[in-house]
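**Q** Sequence:
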Amino acid sequence: MHVIFNHGKESGPWGTKIKALAKAAENLACSVDSIDFNGEMDADKRVTQLLAAIDQCQQPPLLVGSSMGGYVATVAASQRPCAGLFVLAPAYYLGGAANFDQLQVSCPMAIVHGWQDDIVPVANSWRVAQRLAADLHVVNDDHRLIKTLDHTVDLFTRFLTKDLA
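Okay, so the sequence shown: first residue is 1293 according to our numbering, each after it adds one.
Treat each hint with caution, since some may be false.
[To be verified] Here are the simulated DSSO-like pairs of lysine-lysine, each with C-alpha atoms no more than 27 Å apart in a straight line:
#, residue 1, residue 2
1, LYS1311, LYS1301
2, LYS1315, LYS1301
3, LYS1337, LYS1301
4, LYS1454, LYS1311
5, LYS1454, LYS1439
6, LYS1439, LYS1301
7, LYS1315, LYS1439
8, LYS1337, LYS1311
9, LYS1315, LYS1454
10, LYS1337, LYS1454
What the hints contain is simulated information worked out from the structure, not anything from laboratory work. Bear in mind the structure is a predicted one, so any value in this text is a computation, not a measurement.
Can you make the complete structure from the sequences, with help from the hints?
**A** Below, the structure is given as structure tokens:
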């Protein structure tokens, strides 16, 4: 399986979370890629960039996104076939053209969000998860999800091995 990572607004394509999740994916014989969105602050333009990358894939990829990258990955998954969607503190309802109250995603989906997130309210993930019947994992962490990174890696590994099997 091919995994495409999508970083947040103020991070880079190979930040701490992406490196840890990419290692877990590679350990399961997945190929990985991380799109460099640096310099592009418009979430919807990032979606266009991701859709172009998906169109180059031989098989539907698994999309992973953090914060604005979660917005981007979710919108793309609503427009292209995907093997799965795993998002971290996704920036839902914070701008952009997507209407998360109508958007549909047909692949397995999991969301990880921190209780102490002061950038993206956890209620935004709850709202989308409930409507789309996605798995929602709320952890004792903030927006960066660094304190619980090992747990997130475990959730991602389970998602790859069980939820997508």
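**Q** All hints, please: hold or fail.
**A** Status of each hint after checking the structure:
1. LYS1311 - LYS1301: holds (17 Å)
2. LYS1315 - LYS1301: Given that 27 Å is the threshold and the Cα spacing comes to 22 Å, the pair holds.
3. LYS1337 - LYS1301: holds (12 Å)
4. LYS1454 - LYS1311: Cα-Cα ~21 Å, so holds.
5. LYS1454 - LYS1439: Roughly 24 Å separates the two Cα atoms, so the pair holds.
6. LYS1439 - LYS1301: holds (20 Å)
7. LYS1315 - LYS1439: holds (18 Å)
8. LYS1337 - LYS1311: holds (24 Å)
9. LYS1315 - LYS1454: holds (18 Å)
10. LYS1337 - LYS1454: violated (33 Å)
Going down the numbered hints, you'll see the structure goes against just number 10.
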